[in-house]
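Using the sequences and the hints given, assemble the complete structure.
Those protein sequences? They're chains D and P, same order as listed.
Quick note: the first sequence uses our numbering, first residue 1, plus one each step.
Quick note: the second sequence uses our numbering, first residue 1, plus one each step.
Hints in this document: simulated from the structure, not taken from any laboratory.
All of these numbers come straight from a predicted model, not from anything done at the bench.
Treat the hints with care, since some could be wrong.
20 Å max Cα-Cα, derived PhoX-like pairs, lysine-lysine [said to hold, decoys possible]:
| # | chain 1 | residue 1 | chain 2 | residue 2 |
| --- | --- | --- | --- | --- |
| 1 | D | 151 | P | 153 |
| 2 | P | 151 | D | 151 |
| 3 | P | 153 | D | 153 |
Which residues of chain P face chain D? A partial, calculated answer using Cβ under 8 Å [to be verified]:
| # | residue |
| --- | --- |
| 4 | 21 |
| 5 | 26 |
| 6 | 61 |
| 7 | 121 |
| 8 | 141 |
| 9 | 154 |
| 10 | 162 |
| 11 | 166 |
Cβ coordinates follow ideal geometry from the N, Cα and C atoms, glycine included.
Listed here are the chains, written in short residue letters.
2 protein chains.
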Amino acid sequence: MSEPPSMEGAYCPLPITHRSQIVMGHGSGGKMTHDLIAQAFLPAFNNPALMAGDDGAVVDCGGAARLAISTDSHVVWPLFFPGGDIGRLAVCGTVNDVSMMGGEPRYLTAGFVLEEGLSLELLGKVIDSMRLASVEAGIQIVAGDTKVVQKGKADGLYINTSGVGFLAPGRELSGRNGRVGDVIILSGPLGDHGIAVLCARGELGLKSEVKSDIAPLNHLTKAMLDTGAEIHVLRDPTRGGLATSLNEIAVQSQIGILIRESAVPVRPAVAAACELLGFDPLYVANEGKLIGLVAAKDAQTVLAAMRQTRYGEESVVIGEVVREPIARVLMETEIGSHRILDVLSGEMLPRIC
Amino acid sequence: MSEPPSMEGAYCPLPITHRSQIVMGHGSGGKMTHDLIAQAFLPAFNNPALMAGDDGAVVDCGGAARLAISTDSHVVWPLFFPGGDIGRLAVCGTVNDVSMMGGEPRYLTAGFVLEEGLSLELLGKVIDSMRLASVEAGIQIVAGDTKVVQKGKADGLYINTSGVGFLAPGRELSGRNGRVGDVIILSGPLGDHGIAVLCARGELGLKSEVKSDIAPLNHLTKAMLDTGAEIHVLRDPTRGGLATSLNEIAVQSQIGILIRESAVPVRPAVAAACELLGFDPLYVANEGKLIGLVAAKDAQTVLAAMRQTRYGEESVVIGEVVREPIARVLMETEIGSHRILDVLSGEMLPRIC
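The structure is reproduced here in structure tokens:
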């Protein structure tokens, strides 16, 4: 075991972990990512907006106005896969994070790290894909930056997008706001993105018809919020999948969450691929799905509104918030027993977004 | 000569250039970067805030309030060098871009691409450096993202920062606003950052005492703007150096710019290193300097205010806006002749920021 690194001249207590190096698991979106953020980043950048631990930050903008701000770097490999590419992912990922705060996304920035030797034709396709996704989401890319690194120092390109949206007065969505009696709604089947990207790698000799679900969800969240229903939490289950996102919410809100396995939709082709590969679709990444925690009295209203939108047609109730066990997620299996769903530990699918 | 790439199914006319691949020069900040942006990015993301061509975008925020938004990805190599590191650079770079719009920077996001195998001790030092720069600038890092790529796929880490600032009502700074009669002010000696980073690479066997000038310039710009003076343009001459920034402004404002070589400050150690390496300090990157175009009547007031601030003590007037030649930068040399200063073409120092 190596000594914990010394931080000469630095206040930061630093990664209290048994590892002294970054490993792929730190990018999983699961437990290791959470630990790295909690131990290395949060103590240094400590402020209320960041510490809230949501998909984005809510900050003042003078007067009554508030902004939702979010950022995401995209390193997905391969760059193109059935249903999408790194460009569509980069726009939708940040649009969705702003939307999950209840914000109306308006402006995006785009920072490109390009690899020497990248074909301009390929870059043009990625840019055009970003353009189309921007039009669909109704946002503008207002600022950009371009850097170039030597051949071998990036896989074609990495794209960071950051987003700014407006929050309606009184809107308070947060992973901390779940409460007993809330119903858990999921906007559609799980695992499409993760399986589509994995199959596109071709390493496993697996062929599949599965397409990524990448989509801008801001029109869906707007339809939900426009009902005036009591919506407490919105979150998109990306890296780490549904199970990890529900665990985050259970911990933030100090609630128990119970879901029913039979109610969780998974397409047959995704289920088959997961079966073959030993993956659990509850932990596989999605890029066009959301979870909503909604007051039970409003659940049918919200569901009806969701089902009228393009990316919410397959929305279903998958469970509810329960009093116990606090900060835990339980699943009632198809045979009627209960098991605890933990967060993703380690790395399942590297470079999925 | 290769065929221009076909863009099947895409509207984007795409890089009309004789090269069909990204080369290091596309990241120089000079002519090739400009061409790539103009040909590939602007036609696709076309909107007024982006097309203004400034260091950041100015956008509405409901009511009278306006935001200044900017983004920068940082891929500097090496990660640490005399006077700074990638963390300080990442915070200051974006703080400065927001400041150059006349905005008061408030919130930053930070997106990390970490290389597998990166030491947590080193990451901790970078994070701490970002913390210290944030405190100095008086901004908050409110949202973040962490991705991990395989060993060899990044040089330790890349950091994107995006920034949001507030714009006072009526404040209109832009590279388009330069006008005949303006005086050109430079906040201090040129080339420190580029030479410090280059020497830190150790490849040239060159040793030098030069430290990077990386600094947050928001307190300096605030002091300038608080004078109430007529300030038309602010810009920080980073990649591509003073000559490239002045050319950008000359083109945007359709003005001529005349500077006097004898008035442009360069530290002896920087001048010596440039002499040895065949560099022109007018094209070397700075990270803690700014150029101001200020109405002549207010120049002394602004200079006095600048000299009272930590990063403006060495501010000087280096020239003025002239009627002709339009969209060109002229330099009066030390022997009294005039020569045209063009933008940087190709790549001088890769991965300088």
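Going through the hints against the structure:
no. : hint            : in the structure
1   : D:151 <-> P:153 : holds (10 Å)
2   : P:151 <-> D:151 : holds (14 Å)
3   : P:153 <-> D:153 : holds (5 Å)
4   : 21              : holds (5 Å)
5   : 26              : holds (5 Å)
6   : 61              : holds (6 Å)
7   : 121             : holds (3 Å)
8   : 141             : holds (4 Å)
9   : 154             : holds (6 Å)
10  : 162             : holds (3 Å)
11  : 166             : holds (6 Å)
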